[in-house]
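With the hints as extra help, turn the sequences into a complete structure.
Those protein sequences? They're chains B and H, same order as listed.
Under my numbering, the residue at position 81 of the first sequence is numbered 846, and the numbers go up by one with no gaps.
Under my numbering, the residue at position 57 of the second sequence is numbered 1273, and the numbers go up by one with no gaps.
Treat the hints as calculated values from the structure; they're not laboratory data.
Glycine is no exception: its CB is placed at the ideal position from the N, C-alpha and C atoms.
One or more hints might be untrue.
Computed cross-link-like contacts, SDA-like style, restricted to lysine to any residue with a CA-CA straight-line distance of at most 25 Å [stated by the list, open to error]: (1) H:K1285 / H:P1237; (2) H:K1285 / H:T1246; (3) H:K1316 / B:G805; (4) H:K1219 / B:L853; (5) B:K822 / H:F1319; (6) H:K1316 / B:S787.
Restraint ranges, calculated between C-beta atoms of paired labels, are given here [claimed, not checked]: (7) H:E1282 / B:Y775: 43 to 53 Å; (8) B:E847 / H:Q1258: 24 to 34 Å; (9) B:P804 / H:P1223: 14 to 24 Å; (10) H:G1320 / B:S816: 25 to 35 Å; (11) H:P1233 / B:P773: 37 to 47 Å; (12) B:N836 / H:M1226: 35 to 45 Å; (13) B:I777 / H:T1295: 31 to 41 Å; (14) B:Y775 / H:G1320: 22 to 32 Å; (15) B:Y775 / H:M1275: 22 to 32 Å; (16) H:P1329 / B:S816: 43 to 53 Å.
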Amino acid sequence: KAGVTQTPRYLIKTRGQQVTLSCSPISGHRSVSWYQQTPGQGLQFLFEYFSETQRNKGNFPGRFSGRQFSNSRSEMNVSTLELGDSALYLCASSQRTSGLGELFFGEGSRLTVL
Amino acid sequence: DAKTTQPNSMESNEEEPVHLPCNHSTISGTDYIHWYRQLPSQGPEYVIHGLTSNVNNRMASLAIAEDRKSSTLILHRATLRDAAVYYCILRAAIIQGAQKLVFGQGTRLTINP
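See the structure below:
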């Protein structure tokens, strides 16, 4: 069974540009969540989707957005990139929607903003 | 969000047991205790979770204090592959916002050969 797939794995952008990251969850998983990981702030929750609906959002500016498609694949977008957006962006999927379901994480997309 | 407190780092030797502590004095009655770990250059990986009783799986054991204000993750026989950052996380067993994990700084575990 394939794991969570994130693309691209690495990318470099410049300030002011925008970026779209993609996440394909494990087959059959309908919950997808996104996290940002930086050395200073650690792992921080961005948002969570279930059945194409955003169910929860972390404390990030409106430049960070996401969506989920009918096949459960998800994308996140960051507009008007800033240097501080350089981070590892992790996607996780889960089969269950309660607090008991194990989250399966991808290997992440490492974004560098110059 | 209920908070957890873990030591910043711990060190152990290969093939010895490791006890990773976690304090969660503000835990609520419906919070489950979850442990994840993150190996270098990888996303976090689920280890174990429990509510009140001690739990065992193929990776580790979870010992939960009777008052649930603390817990200990036990690696019975550490290997070099167990070197990682270990996160103790409280999760409410609810649907809304269930996928939001609140990660602390975790414990960086070093295993000596």
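Each hint tested on the structure:
no.: 1; hint: H:K1285 / H:P1237; verdict: 11 Å, holds
no.: 2; hint: H:K1285 / H:T1246; verdict: 13 Å, holds
no.: 3; hint: H:K1316 / B:G805; verdict: 20 Å, holds
no.: 4; hint: H:K1219 / B:L853; verdict: 23 Å, holds
no.: 5; hint: B:K822 / H:F1319; verdict: 15 Å, holds
no.: 6; hint: H:K1316 / B:S787; verdict: 19 Å, holds
no.: 7; hint: H:E1282 / B:Y775: 43 to 53 Å; verdict: 47 Å, holds
no.: 8; hint: B:E847 / H:Q1258: 24 to 34 Å; verdict: 26 Å, holds
no.: 9; hint: B:P804 / H:P1223: 14 to 24 Å; verdict: 19 Å, holds
no.: 10; hint: H:G1320 / B:S816: 25 to 35 Å; verdict: 30 Å, holds
no.: 11; hint: H:P1233 / B:P773: 37 to 47 Å; verdict: 41 Å, holds
no.: 12; hint: B:N836 / H:M1226: 35 to 45 Å; verdict: 42 Å, holds
no.: 13; hint: B:I777 / H:T1295: 31 to 41 Å; verdict: 36 Å, holds
no.: 14; hint: B:Y775 / H:G1320: 22 to 32 Å; verdict: 27 Å, holds
no.: 15; hint: B:Y775 / H:M1275: 22 to 32 Å; verdict: 29 Å, holds
no.: 16; hint: H:P1329 / B:S816: 43 to 53 Å; verdict: 48 Å, holds
Checked against the numbered hints above, the structure violates none of them.
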